[in-house]
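Line by line, the protein sequences give chains A and B.
Per the numbering used here, the very first residue in the first sequence carries number 1; after that it's consecutive.
Per the numbering used here, the very first residue in the second sequence carries number 1; after that it's consecutive.
Honestly, the hints are just simulated from the structure, not real lab data.
For clarity, every value in this text was computed on a predicted model and none was experimentally measured.
Treat the hints with care, since some could be wrong.
[Claimed, not checked] Quick partial rundown of chain B residues pointing at chain A, CB under 10 angstroms, derived from the structure: (1) E2; (2) D5; (3) R8; (4) I12; (5) I15; (6) P18; (7) H21; (8) E26.
[To be verified] Negatives, chain A to chain B, calculated, CB over 12 angstroms: (9) L43; (10) E93; (11) E163.
[Stated by the list, open to error] Pairwise CB distance ranges, derived in the manner of DEER restraints: (12) T157/A to E26/B: 45 to 55 angstroms; (13) E26/B to K34/A: 36 to 46 angstroms; (14) T157/A to P24/B: 35 to 45 angstroms; (15) S151/A to E26/B: 24 to 34 angstroms; (16) A83/A to E26/B: 39 to 49 angstroms; (17) S151/A to G4/B: 21 to 31 angstroms; (18) G4/B to D6/A: 40 to 50 angstroms; (19) E26/B to P86/A: 24 to 34 angstroms.
The beta-carbon is built from N, C-alpha and C at its ideal position, and this holds for glycine as well.
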Amino acid sequence: MTTAPDFVDPVVGWRMWYALEDSETRHLSSIVHKTAWPQRAPLVAACRKIRFSFRPRKRRRHDAPAEDCTCGIYAAGVSMLRAYLPAHISWLEHPPVLGQVSLWGTVCEHEHGWRATYAYPKRLYVPVAGIGARRASLILDDLQAYGVPVSPLESATVDDVLEELTALTSA
Amino acid sequence: MEIGDPQRIYTIEPIEDPVPHPVPSEPDEAPWEASPEPVERPLAAP
Numbered sequence: 001m002t003t004a005p006d007f008v009d010p011v012v013g014w015r016m017w018y019a020l021e022d023s024e025t026r027h028l029s030s031i032v033h034k035t036a037w038p039q040r041a042p043l044v045a046a047c048r049k050i051r052f053s054f055r056p057r058k059r060r061r062h063d064a065p066a067e068d069c070t071c072g073i074y075a076a077g078v079s080m081l082r083a084y085l086p087a088h089i090s091w092l093e094h095p096p097v098l099g100q101v102s103l104w105g106t107v108c109e110h111e112h113g114w115r116a117t118y119a120y121p122k123r124l125y126v127p128v129a130g131i132g133a134r135r136a137s138l139i140l141d142d143l144q145a146y147g148v149p150v151s152p153l154e155s156a157t158v159d160d161v162l163e164e165l166t167a168l169t170s171a
Numbered sequence: 001m002e003i004g005d006p007q008r009i010y011t012i013e014p015i016e017d018p019v020p021h022p023v024p025s026e027p028d029e030a031p032w033e034a035s036p037e038p039v040e041r042p043l044a045a046p
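With the rest of the complex left out, here is chain A (with noise of 0.2 angstroms):
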């Protein structure tokens, strides 16, 4: 038996990815779990979480997100990229990808974000002040592979990057 879903519009949060070097091309990767997003397809969650039990059905696989879980693909409102950057953009270990993100599937909607079972970029952007204007192109060439916007950011510290991002949203 099918049930209707509750929406259709997808959810559009914010997160952040690093631009990853691999080989000749780059590509957006998530910051904890290290995950290559793939392009031109969702990337699809899965529970990653380890639970030790003696009761079998405790250890039993879900589908991702599950209510009771932390697993799911994040995003939150742009307020919340400020935990996750540096006062200075050029600080990083691999240079940051910004951008909005659409979220569909089984959504656990939180206080400041979601969790979801899958999701894609709908709009990127690469501070590019601090790593070169050769990397900075060949990062922001490259990630026209997913087929969504991608913009230059100007700022070098978190602050500007934050205010630059709200205002270009909000034009």
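Could you slot chain B onto chain A? The hints should help.
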């Protein structure tokens, strides 16, 4: 990512695919050729 306490759970099935798909390139247009003129044949005698 710290997103606070859970509030509710629901399902979303987008009508439009959130994943952009490349626009297929149009095949080269074949040059237009006029159809051959029908050949007039004399009616066969009954």
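Do the hints match the structure? See the list:
{"no.": "1", "hint": "E2", "result": "holds, 6 angstroms"}
{"no.": "2", "hint": "D5", "result": "holds, 5 angstroms"}
{"no.": "3", "hint": "R8", "result": "holds, 5 angstroms"}
{"no.": "4", "hint": "I12", "result": "holds, 4 angstroms"}
{"no.": "5", "hint": "I15", "result": "holds, 5 angstroms"}
{"no.": "6", "hint": "P18", "result": "holds, 4 angstroms"}
{"no.": "7", "hint": "H21", "result": "holds, 7 angstroms"}
{"no.": "8", "hint": "E26", "result": "violated, 18 angstroms"}
{"no.": "9", "hint": "L43", "result": "violated, 10 angstroms"}
{"no.": "10", "hint": "E93", "result": "holds, 18 angstroms"}
{"no.": "11", "hint": "E163", "result": "holds, 21 angstroms"}
{"no.": "12", "hint": "T157/A to E26/B: 45 to 55 angstroms", "result": "holds, 47 angstroms"}
{"no.": "13", "hint": "E26/B to K34/A: 36 to 46 angstroms", "result": "holds, 40 angstroms"}
{"no.": "14", "hint": "T157/A to P24/B: 35 to 45 angstroms", "result": "holds, 44 angstroms"}
{"no.": "15", "hint": "S151/A to E26/B: 24 to 34 angstroms", "result": "holds, 29 angstroms"}
{"no.": "16", "hint": "A83/A to E26/B: 39 to 49 angstroms", "result": "holds, 47 angstroms"}
{"no.": "17", "hint": "S151/A to G4/B: 21 to 31 angstroms", "result": "holds, 29 angstroms"}
{"no.": "18", "hint": "G4/B to D6/A: 40 to 50 angstroms", "result": "violated, 21 angstroms"}
{"no.": "19", "hint": "E26/B to P86/A: 24 to 34 angstroms", "result": "violated, 48 angstroms"}
Going through the hint list in order, the structure does not satisfy hints 8, 9, 18, 19.
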